[in-house]
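Could you put together the complete structure from these sequences and hints?
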Amino acid sequence: MSGFDELGLRNRRSVPLGSVPLEHLEAFRETVLRAVGDGWRLISYFGMPEGSLDTRLMAILAHDATGALGATSTVVGDEFASLTPDCASAHLFEREIAEQCGIVPRGHPWLKPLRRHPPDHLAPGREPLVVDREGYPFFRVKGEEVHEVAVGPVHAGVIEPGHFRFQTHGEEVLFLEIMLGYQHRGVERLLETESADRAVLVAESIAGDTVVGHGAAHCGAIEALARSRKTPRAQAIRGIALELERLANHIGDLGAIAGDVAFQPAASYLGRMRGECLNLLMTISGNRFGRGLLRPGGVAFDLPPAMVSEARGRLEGLQAELEPAARLMLENSSVLARLEGIGGVPREKCLELGFVGVVARACDVPRDVRHDHPYGIYRFSHIPVATAWAGDVLARALVRWVEARRSLEFLLEQLSALPAGAPRVVCGALQPDELVVAMEEGWRGEIVHVALTDDRGELRRYKVTDPSFHNWSAVALAVPGNQISDFPLCNKSFNLSYAGHDL
Amino acid sequence: MLDLLRIRLKQGTRTSGFPVAEPEFPERFRGRPEFDPTRCPDGCRDCAGLVPSGLVRPGPPATVDVGACLFSPDEAAACPNGAVTFTPDYRMASSTRSGLCSATGEVELARALDARTRRLFGRSPRLRSVAAGSCGGCEAELVALGNVVFDLSRFGVQFVASPRHADGIVVTGAVSANMSAALQATYDAVPDPRIVIAVGACAINGGPFRGSAEVGNGVPGDLPVDLWIPGCPPHPMTILDGLLRVLGRIDEGSSRSGPRAISPRSAP
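Line by line, the protein sequences are chains E and B.
Residue numbers for the first sequence, in this note's numbering: 507 to 1009.
Residue numbers for the second sequence, in this note's numbering: 142 to 409.
These are calculated hints, taken from the structure and not from any lab test.
Keep in mind it's a predicted model, so treat the numbers as computed, not measured.
Just so it is clear, CB atoms sit at the ideal spot from N, CA and C, and this is done for glycine as well.
Accuracy of the hints is not assured; some may be wrong.
Chain E regions said to be covered by chain B (calculated; three or more residues, Cβ under 8 Å) [as the list claims (entries may be wrong)]:
1) 680-694
2) 710-717
3) 770-780
4) 789-799
Straight-line C-alpha distance at most 20 Å; calculated SDA-like pairs for lysine to any residue [said to hold, decoys possible]:
5) B:K151 x E:E827
6) E:K998 x B:L286
7) B:K151 x E:E837
8) B:K151 x E:F769
9) E:K998 x B:L191
One side of the interface only, derived from the structure: several residues of chain B facing chain E at Cβ under 7 Å [said to hold, decoys possible]:
10) P214
11) V290
12) S294
Structural data, given as structure tokens:
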């Protein structure tokens, strides 16, 4: 048996399941804890039934400096010693394992429901559990002048459902606890059980604003398991779609942040420009969010020369308009005064809890799958990683702005040199008994899909991790100490997905 | 300050001319699906199962359910005879569930509400959004309705912060087990008379999540839906068209007439 880091596992490169170490629980714990101490990151950690009563726990680790991935596993009965007290980034994964597999991570310091559903990956011989969907033990601050504010699940605007419980003293928030799960649709079970052509539609619906990101991760996992090799042209078109998605959302978020501090000009101009990006995605794919474009084997729609030059023209027009509109906002002292120092995320908490994407980069943690674990077009065309250091609302806005500009430059570059080739190749049956990890830098951050096949080449387990899974904890961390009236602004600066978290 | 004014002037007016002007869509836009029954005389008995949604119910004659359509290119590609195609028609909201089902993909477009309801809030309906087991895509298009291009508020329609202020609810999502109580409570909190609008394939029949143990298959049968708006997600123009029809602000005549006043850059 080889070590967890000797498997040759990389982003989108599958390995035989038999090569993944199967260790005793103690050794498994030691492997993971030592790896995390040595600079590896826990990027996925989940359970799946093994035999009739046991659960196999699988930990996937990433070494960003070298682009290596590692994996190890163990088999447990109805409980196991929690990693969380020694490795904080495991805390949500273990709550998830407890809920999905109906087993108990003993010693977990904050073992509460995560999405509030009955176990859907319970070992088949175990008694099904009945789950109280409403019962949730909120943390409470007691004191004479302390009061509690409950918000949601139905919100004041057009927002996905979630429940926020604030413990406040006057205007000041002392503690925020976020209860999610309202959008839980059973996505992982659907991905494991539906036919391949339906599964891709489910993957595109994990988070409706990250159709391309999750679609690409899903296709990447399936293609690796099927040994299907996309053409450079398909890779370039996928990169174009992913950066258009990023551009649309970053511009939209900047506009929404302007709206939340009542700076209407930028809110309305940027809101419209977000739409221009979505419209370009619709020109390419027939849908404003890029649905239908990415399919295993490549892309379902090619970019004919006339469309390429139209797209370039529209993006150049956008570039000319975007710069002054964003500067209007980011050079305005009354806007800056409202963004600076609000909703700070400390860098050490980011490292400890494993935040990803814009949130991590805004507190000087330069994590970016495109750079650290390059795949597809990003192996050939590099986008510099954008960081800021303050970790506050302004830092997140600045990272978005820099990334939007770089995505635009990337798009114009790709559109001027699109490689030749077929847009789509055949993607056949999946190899049996394999493990693959597909990572993607979606616009919010790191998306991880892990797929395992059984001895017939059917999907045995499909694990999805949206960046929001990690980053909701960053919201809960950033709000205390701020006024409750700044919560909408803080929340908007993260703009996390409820659907992506809830699955 | 001068910069503000200069950029404001440069931005100009970007609001769509809808409903006087017809919106324009790119060539690949997938609007209302159309079905040609003559291409498949056996009523799709053999192949309906190949379509990755509930779009085609086998017959004969086959039934096409636009409400179940996921507007995916795979739905058209699944038919070996090419009987399923997507048209550029963005109008497909109906007042009834059965209005979305036909032999050809034709939709019985929404009718105006009854005179009393329309008199009460026809000019300024206030809506409450309830997302219940969605992916967030339909909500994103509802939010887009508020931008300067679609500018929903120019028709007096607004999303409000409390069900107590609302004349109706807009439901998105397949209605997850964890949201069903909150959906019912929100509906109950809206004063009567009230309308219910189901937006998107999920709210209509479960969409891509249909069959999951964690969701119902859309808005539960005991909530009386007044407007069904298909799409995955529906284009903002599809939603706007449906809303204006149910409010009696568009009828067949007015949506087709008038000059095209939308420049390609600001087209939806």
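Hints, one by one, checked against the model:
1. 680-694: holds (count 7)
2. 710-717: holds (count 7)
3. 770-780: Satisfied; 6 residues make the cut.
4. 789-799: Since three or more residues must qualify, the claim that chain B covers the region 789-799 of chain E holds, with 9 doing so at under 8 Å.
5. B:K151 x E:E827: 9 Å, holds
6. E:K998 x B:L286: 19 Å, holds
7. B:K151 x E:E837: 19 Å, holds
8. B:K151 x E:F769: 18 Å, holds
9. E:K998 x B:L191: 41 Å, violated
10. P214: 5 Å, holds
11. V290: It holds, given that the least Cβ distance between B:V290 and chain E is near 6 Å, below 7 Å.
12. S294: 12 Å, violated
Figure legend: structure checked against the earlier numbered hints; hints not met, in rising order: 9, 12.
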